[in-house]
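Q: For reference, the chains in residue letters:
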Amino acid sequence: MKYLMLIAGDEAAWEAQTDAERTASYARVVAWWRAQTDAGRIVSGHELQPSSTATTVRLDRDGRATVVDGPFVEAKEMLGGYAVLDVPDLDAAIALASSWPEPDTLEVRPIVTDG
Amino acid sequence: MADAPRPADEVLADTLREERGRLTAALVRILGDWDLAEELVQDAAVAALEHWPSEGVPRNPGAWLMTAARRRAIDRLRRHARYRERIRLLTAEVTQMDPGVATGGPMDADDRLRLLFTCCHPALNREAQVALTLKTIGGLETAAIGRAFLVPETTIAQRLVRAKRKIRDAAIPYRVPDLAELPARLAEVLTVLYLIFNEGYLASSGETAERRDLARDAEWLASLVARLMPDEPEVLGLLALMRLHLARAEARFANGDLVLLPDQDRRRWDHAAIRDAVALLRRAERMGRVGTYQLQAAILAEHATADSWAETRWDRIVALYDLLRRVEPTPVVRLNRALAVAELDGPTAALAELEPLAERLGGWHLYHAARADLLRRVGRAEEAVAADGRALELTDNPAERRLLQQRLAAGGVSPGAAPRGRRNGPRAG
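Chains as they are written, first to last, in this note's numbering: chain A, 1 to 115; chain B, 1 to 429.
No lab work stands behind these hints: they were computed from the structure. Note that CB positions come from ideal geometry on N, CA and C, so glycine has one too. Keep in mind that a hint or two might mislead.
Listed next, with one range per pair, are the computed distances between beta-carbon atoms [said to hold, decoys possible]: (1) Trp220/B - Thr66/A: 52 to 60 Å; (2) Asp114/A - Asp276/B: 41 to 49 Å; (3) Ile111/A - Pro183/B: 27 to 35 Å; (4) Leu366/B - Val68/A: 47 to 55 Å.
Kindly generate the complete structure, drawing on both the sequences and the hints.
A: Here is the structure:
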């Protein structure tokens with residue numbers, strides 16, 4: 001079963017950390033990511049640049065695009081990364097998300113496969 | 001049961017209640033298709049209604065239903081070649097398991113438990129958990145659930161459809177959680193059962209007789225879980241808690257009016273049921289793993305075994321609340337503890353404990369009603385009337401509203417003028 005795991009966190013809190021804290025937290029995430037990838041539970045995924053780099057493109061019914069600076073929604077917790085999971089069921093996906101080493105919020109959603 | 005033959009539809013209703021969850025669980029396990037499983041159970045019930053009135057109710061109605069459902073499943077699946085493996089499973093189980101089916105072997109006990117944990121999965125919202133549990137484990141029809149919650153049947157049907165879709169599309173598994181997850185997942189199940197119980201127990205007002213008694217349904221579900229998980233003390237604690245409430249249900253109303261605990265006629269309590277529930281609670285306590293339901297039941301047991309309100313062991317009750325407060329540090333627990341303190345140390349001490357809770361409980365009618373009672377007892381009549389008035393604004397429950405209106409009519413002058421005194425007449429109970 002494939003799931004998309006979206007990882008959202010408080011960017012301001014991240015910014016407020018010291019360099020040493022950030023390095024330590026990166027080390028935790030990298031170790032975690034490697035372990036999950038080696039176990040075959042993470043198929044792919046990436047960290048994203050901060051939401052200040054996001055651009056939203058909105059299309060109307062006539063196909064006209066409006067381009068706006070910023071992410072879909074302005075919120076305290078912003079999307080910071082994602083992973084595609086391959087695990088047996090939702091419990092396994094929840095267990096994986098629950099072991100994420102940082103104080104973030106994660107959304108797990110099944111991916112539509114075949115038609 | 002053997003003397004007067006009962007009408008077939010009555011036996012069918014009773015049997016379905018007991019067997020529906022079992023049938024559905026076994027079929028979901030084999031077929032992996034929730035809707036098909038429910039449809040087959042429904043078909044089997046219809047077949048029973050056709051056969052039983054003329055041919056007589058079979059000796060083992062549960063096994064009869066299971067066999068009927070399985071045969072229909074095989075007929076349905078034969079049309080699709082890809083179900084060959086499932087047909088093999090169904091055929092094997094029909095021949096192997098039928099004699100023992102309705103006696104509840106360990107295998108089908110597991111089925112129901114698995115299904116219950118799926119129904120109460122934390123990835124489903126609370127309303128969906130409640131509807132799924134009542135429908136699939138409790139054997140209630142969608143319409144009956146709607147009536148119980150005063151919600152249109154179509155709303156319940158929608159919730160069930162959405163929940164089942166999520167179970168399928170998000171691949172919510174069908175299993176009993178492993179040991180590491182079990183405490184949290186079991187707590188979720190117990191929360192759902194207690195919520196169903198409270199919906200029935202608190203909402204009942206003695207005048208809506210057509211409304212289904214969800215409290216009894218919840219008690220039945222809890223007793224099922226207690227049978228399936230006999231070594232979980234919190235399950236037994238919750239069951240004891242429900243039974244202690246139900247043992248006093250008769251005395252909660254007099255002529256349609258709500259009667260509070262201090263004023264209840266204790267002769268109307270079911271003392272045999274109270275003894276059994278206390279014994280159950282003691283068994284849970286001996287397992288040595290305390291929890292919120294055991295503590296709440298222990299508090300209720302103190303009330304239920306006291307000869308009168310005045311003779312209640314308030315020291316023990318306050319001590320139990322101190323333990324409960326550690327397990328569950330909520331303002332509601334602190335409010336209830338304060339009310340016990342009122343009996344042990346007097347209303348002034350209790351009022352002092354109540355004041356800091358105003359911010360968090362100010363929107364709850366029972367906070368104001370409790371405060372009004374204490375204010376009346378210390379002679380602050382005007383403030384008492386104001387607090388009762390606030391409580392009245394905050395509740396829609398007709399029985400509670402009547403009680404508050406009576407208090408307000410009495411002017412809040414003295415405890416004797418409150419409904420408590422009026423209800424104590426010899427014929428009131």
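Q: For each hint, tell me whether it holds in the structure or not.
A: Hints versus structure:
no. : hint                            : in the structure
1   : Trp220/B - Thr66/A: 52 to 60 Å  : holds (58 Å)
2   : Asp114/A - Asp276/B: 41 to 49 Å : violated (55 Å)
3   : Ile111/A - Pro183/B: 27 to 35 Å : holds (31 Å)
4   : Leu366/B - Val68/A: 47 to 55 Å  : holds (49 Å)
When held up to the earlier numbered hints, the structure conflicts with hint 2 and nothing else.
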